[in-house]
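Please build the complete structure, drawing on both the sequences and the hints.
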Amino acid sequence: MTRNVVVTGIGMTTPLGGDAPTTWAAALAGTPGGVRLGADWDPEQPAQIAALMRDNPAEILKPVEVRRMDPSEQCAIIAAREAWADAGAPEIDPIRLGTVVASGIGGINSLISAYETLRDKGAARVSPHMVTMIMPNGPAAMVGIEVGARAGVHTPVSACASGAEAISYAAKMIEDGRADIVVAGGTEACINGVTMAGFGAMRALSTRNDDPSTASRAYDMDRDGFVMGEGAGILILEEEEHARARGAKIYGRYGGAGLTSDGHHIAQPDPEGAGASRAIQMALEDAEISASDIIHVNAHATSTPQGDFAESVAIRKGLGGQADHAWVSATKSMTGHLLGGAGAVESIFAILALRDRIAPPSINIFNFDPAIELQVTKDGPVQLPAGDIAALNNSFGFGGHDVALVFKSV
Amino acid sequence: MSEDILAGLAGIVNEVAGVPAEDVQLDKSFVDDLDVDSLSMVEVVMACEDKWGVKIPDSEVKNLKTVGDAVSYITANM
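Chains as they are written, first to last, in the UniProt record's numbering: chain A, 1 to 410; chain B, 1 to 78.
It should be emphasised that the hints constitute simulated quantities derived from the structure, not laboratory data.
As the structure is a computational prediction, the values presented were derived from the model and not from experiment.
Honestly, I wouldn't trust all of these hints.
[What the hints assert, rightly or not] Taking CB as the label site, the calculated pair distances span:
no., chain 1, residue 1, chain 2, residue 2, range
1, A, 125, B, 32, 56 to 66 Å
2, A, 145, B, 55, 32 to 42 Å
3, A, 367, B, 20, 58 to 68 Å
4, A, 145, B, 25, 24 to 34 Å
5, B, 15, A, 145, 19 to 29 Å
6, A, 194, B, 20, 34 to 44 Å
7, A, 121, B, 60, 13 to 23 Å
8, B, 76, A, 266, 30 to 40 Å
9, A, 95, B, 25, 52 to 62 Å
10, A, 131, B, 72, 25 to 35 Å
11, B, 55, A, 176, 34 to 44 Å
12, B, 15, A, 305, 43 to 53 Å
13, B, 32, A, 121, 39 to 49 Å
14, A, 116, B, 69, 42 to 52 Å
All C-beta atoms, glycine included, are put in the ideal place defined by N, C-alpha and C.
Below, the structure is given as structure tokens:
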């Protein structure tokens with residue numbers, strides 16, 4: 001018997017807001033998230049801008065929680081608590097409850113602090129919580145302990161595709177019968193000198209330092225790199241009959257996933273978009289829909305010159321002529337790039353777009369790149385049709401990871 | 001003297017483990033009453049060493065079962 005997966009709760013903390021409703025309202029309003037970094041930021045850094053979480057988790061959580069959790073774990077916990085409450089804090093046998101939360105980078109802020117302690121005060125002063133603050137599975141484990149999950153706690157890592165891969169893994173746990181509810185998503189908080197210098201050295205970051213609010217400009221002719229963001233998105237995925245039996249509110253359906261790899265280059269996209277387009281087609285097949293059902297695409301669209309173009313080629317290949325009927329949103333133009341958190345936050349955006357029948361705007365497109373053969377929401381939010389519709393969320397990561405997810409309206 | 005150490009220790013336990021400072025009394029067990037796990041106990045020890053300039057080797061930590069044990073050890077060794 002087929003086990004279908006629905007979304008019964010959402011939570012987010014992002015540069016646009018400290019919770020999901022605030023974030024979504026700000027996204028629909030076309031709010032830019034990029035800001036100039038503070039006076040203590042190293043003036044030698046190529047990027048002087050980033051999209052910081054609007055509500056600092058360290059000011060929300062208990063001091064003892066802040067002490068024991070890396071910032072990437074802190075925002076995951078905040079988003080997970082919101083999502084769990086939003087789903088009605090379901091009563092469930094813990095052995096039927098799982099957690100899949102991903103991060104692209106992990107607890108690097110805590111690693112840097114621990115190194116500074118080691119250097120300045122010696123080995124005897126390194127925190128006993130350091131290891132559980134830097135391990136990549138830390139956010140998943142913290143969330144799993146928070147809800148008491150005993151069906152399994154997992155952490156797929158695929159750079160900027162990690163959050164999307166987490167959702168596909170979580171859905172598979174439900175489809176395969178391992179769990180009835182899985183708390184799933186992605187998180188990232190790595191705005192520090194080391195990470196920013198590294199991405200800067202790759203020439204991956206925007207250096208539009210004099211204008212942070214327009215620096216993230218996917219599909220604009222003058223895009224010059226991504227704006228580093230931070231935050232988390234968490235979804236409650238639930239087996240449909242389980243959700244209906246308890247009268248849960250249902251946001252939308254998880255349709256399916258396509259996961260491929262480029263086998264091309266460690267940091268550059270395949271210019272032919274072969275792996276990405278195949279992921280899109282696999283996701284359509286998995287969701288048992290055709291390209292014409294895709295009315296909306298939340299694109300990866302990070303605002304890099306090569307990446308945005310390569311994805312546009314992949315979308316056209318993946319959807320064929322039906323790409324003309326899909327409204328494409330580049331929401332990183334507002335949130336910045338949440339790396340391992342991106343696929344989760346943008347999946348939530350896609351689900352809310354289907355629910356509210358509105359595709360969010362893609363801001364900061366002053367000169368639309370004519371090489372991009374897509375219908376982009378560059379002039380503001382766009383109304384989506386009534387009836388059964390579906391949305392695609394693309395995520396790609398350094399290493400050549402391609403993940404496409406399909407969601408369906410209810 | 002030991003009142004000052006008790007108050008200082010209560011502040012440390014509050015900071016590292018989130019236990020209300022007023023609950024940190026001489027007769028309380030770190031593990032059974034205050035829920036200070038072994039990792040947090042390491043932090044308590046580090047903070048005590050820094051605050052009072054004492055050295056608390058691992059071989060001694062296992063003997064510090066109650067808050068009173070810790071106050072006595074610090075008083076005797078500072």
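These are the hints, each one checked on the structure:
1. Checked against the hint of 56 to 66 Å, the pair residue 125 (chain A) and residue 32 (chain B) fails, with Cβ atoms roughly 28 Å apart.
2. A hinted range of 32 to 42 Å holds for the C-beta pair residue 145 (chain A) and residue 55 (chain B), which are about 34 Å apart.
3. Taken as a hint, the range 58 to 68 Å holds for the pair residue 367 (chain A) and residue 20 (chain B), whose Cβ atoms sit roughly 60 Å apart.
4. Between residue 145 (chain A) and residue 25 (chain B) the C-beta distance comes to about 29 Å, which sits within the given range of 24 to 34 Å.
5. Separation of residue 15 (chain B) from residue 145 (chain A) is about 22 Å and conforms to the stated range, judged on CB atoms against 19 to 29 Å.
6. Checked against the given bound of 34 to 44 Å, the beta carbons of residue 194 (chain A) and residue 20 (chain B), roughly 37 Å apart, stay inside it.
7. For residue 121 (chain A) paired with residue 60 (chain B), a C-beta distance near 21 Å keeps the hint of 13 to 23 Å intact.
8. Roughly 59 Å separates the CB atoms of residue 76 (chain B) and residue 266 (chain A), a value that falls outside the hinted 30 to 40 Å.
9. The hinted window of 52 to 62 Å between residue 95 (chain A) and residue 25 (chain B) is violated, with their beta carbons roughly 39 Å apart.
10. The hinted window of 25 to 35 Å between residue 131 (chain A) and residue 72 (chain B) holds, with their beta carbons roughly 32 Å apart.
11. About 54 Å separates the C-beta atoms of residue 55 (chain B) and residue 176 (chain A), a value inconsistent with the hinted range of 34 to 44 Å.
12. Restraint check, residue 15 (chain B) to residue 305 (chain A): a C-beta distance of roughly 48 Å satisfies the suggested window 43 to 53 Å.
13. Judged by the Cβ atoms, the range 39 to 49 Å given for residue 32 (chain B) and residue 121 (chain A) is violated: they are separated by roughly 31 Å.
14. Distance hint check for residue 116 (chain A) and residue 69 (chain B): the Cβ-Cβ separation is about 33 Å, which falls outside the suggested range of 42 to 52 Å.
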